[in-house]
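Join the two chains into one complex using the hints; note that each chain is given alone, in its own frame.
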Amino acid sequence: MRRLGAVVLALALLAQINTAVAQPAPSAPAPAQTHQDWKPLAIGLGAIAGVVVFNAVALGFEALPGGLAVEAGATVPAEMSVAISRVYATTAAVVGGLIAYYTLYPSGH
Amino acid sequence: MRSLSSPASAAVLAATLLVPSLASAQKAPPPVAETPKAAPADTPYVDYRVLAVGAGAVMGIVAFNVLSAPLGAVPLAGGALEVVPYSVALGSRLLAAASASVGALAATWAYDTYYKTETDYRYLVALAAGAIAGVAAGNYLTIGSFGILPYYAGAGEEAAGGALASTGAQAASRVYVIGSGVLGAWAADYLYRH
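Chains as they are written, first to last, in our numbering: chain A, 1 to 109; chain B, 1 to 194.
Okay, chain B solo, but in the shape it has when bound (with noise of 0.2 Å):
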């Protein structure tokens, strides 16, 4: 049964940015019997399902953005918000990649256990690779650095030296974590079965 969860998982990882599927390899079509020279069918660049997933994931964080818009920046934040220097936002980017695929590995991990399925572990952590790569390739791309990762209290006023990213800017991360996360888990699902 690793169809199913392959992809599906990757999906989710992806989307969560990561997070994605499983993976199960894409099934060859069966011979035909009159044809047996005939090509085989080809493979797609991205599994359908991955691409689904990373989709709806990013349709998931714009819609929440645009909804969510009337309560500001961050919802139930539960104050006034500081400013937030760029290098900290870019670095809550790759924390939210690399915590969100580790538990979703684990989650997998302990369906598995518990089900007695089967997952393609390597296929998964391939995409969860894909995930973090995208989002620090977008970070790059954006200020020509990594971040700041702000994984301890204090860690927004060490960094306030540098540029600040409007409230504006905090909502619109969030669209650019999930696409850069989905960019990066399908390009690693093209690698992984090429």
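Chain A on its own, in the form it takes in the complex (with noise of 0.2 Å):
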């Protein structure tokens, strides 16, 4: 009888054991939603896009940065100059500000 308790005793542990590892483990905290903000950076884009067409569309592809367009020894007109270094402007600006942008503010906030 002893034998026979010692048994069921045995195999109640066990199932309390095994209820127990069944028991699904506590969730750990979900890690903390990163949300980038790129609408900035679309912005940034938008503006030197916006430069980069109208030169093209108005100038045509002389007023771009390259001078592929231009004649070899050819003389730049002051208003396709003019045209490539809003380029320049453009894109060097928008290149700082979003460094400032993204180095101070990661997350957007």
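Among these hints, one or two may not hold up.
Stated by the list, open to error - Facing chain A, a subset of chain B residues (Cβ under 10 Å, in silico):
#: 1; residue: Ile-61
#: 2; residue: Pro-75
#: 3; residue: Pro-85
#: 4; residue: Ala-187
Claimed, not checked - Which residues of chain A face chain B? A few of them, derived with a C-beta cut under 7 Å, are:
#: 5; residue: Leu-59
#: 6; residue: Gly-66
#: 7; residue: Val-70
#: 8; residue: Glu-79
#: 9; residue: Arg-86
#: 10; residue: Ala-100
#: 11; residue: Tyr-105
#: 12; residue: Pro-106
FYI, nobody ran anything at the bench for these hints, they're computed from the structure.
Where is the CB? At the ideal position from N, CA and C, for every residue including glycine.
In structure tokens, the structure reads:
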């Protein structure tokens, strides 16, 4: 009888252990959702694109950096050089602004 | 999620001149139960994000000018540069502000449409308008006129009778356009929120 009691007790303990193991582990706290705000980047790229598109449509590809459409030895007209300068100014300003923004406000807040 | 875009965009706009961010109005601090009659927190004169982006934009163009100086006033232009009349250089600043502003607004609309986000377009437009107004004011203070818009081939020759900008002035003009645009956007931000 003692032996039977010991077996029953062992089985009961084993069942308890199994039940405990079956319990779902306490869920770890969900990692904080890091939402990156890409809208400023889109706006900056849009600003650059606005300048580039205007230059190409109004003045042609000679008005873009690189001089690919400029004949060798040619002199770059005033309206073309200031147009190229617009692209540089806008691009540099956008890059600087985005660096400052994402450095100081990585999550947008 | 208005806050996402607002100032950041504005800044960008301002920066680009334009460019400014979006909008979100500043959220008032939550009321403190113990001091219900406490005065509301002071609203900054200019949104800090717009300030940051604007300052970054100016630093960006200054850095570009310094680093590209060995390559000439207009790097990779493709040839020798004709002299540029002041009126054309100033008009070019207005074109930069306007085209960048339009591009930034269009990009914001595309972003909102694709990602189903919201933007305070009145604020954005105010920042862009402020940037353009800032550039125009800077032009007027420089030579007493807003300049001639060089939006077609040959515009430079037609304005050749005016004073001529040196190559150094051409490079400096990039800093002026960004600086005046940023100041204008900051002023617009202040006026919009006060």
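Verification of the supplied hints:
1. Ile-61: holds, 4 Å
2. Pro-75: holds, 7 Å
3. Pro-85: Interface hint status for B:Pro-85: holds (6 Å vs cutoff 10 Å).
4. Ala-187: violated, 17 Å
5. Leu-59: Where the cut-off is 7 Å and the nearest Cβ of chain B is about 6 Å from A:Leu-59, the hint holds.
6. Gly-66: With Cβ-Cβ at 5 Å, under 7 Å, it holds.
7. Val-70: holds, 3 Å
8. Glu-79: holds, 4 Å
9. Arg-86: holds, 4 Å
10. Ala-100: holds, 3 Å
11. Tyr-105: holds, 6 Å
12. Pro-106: Violated - the Cβ of A:Pro-106 stays beyond 7 Å from chain B, reaching only about 11 Å at its closest.
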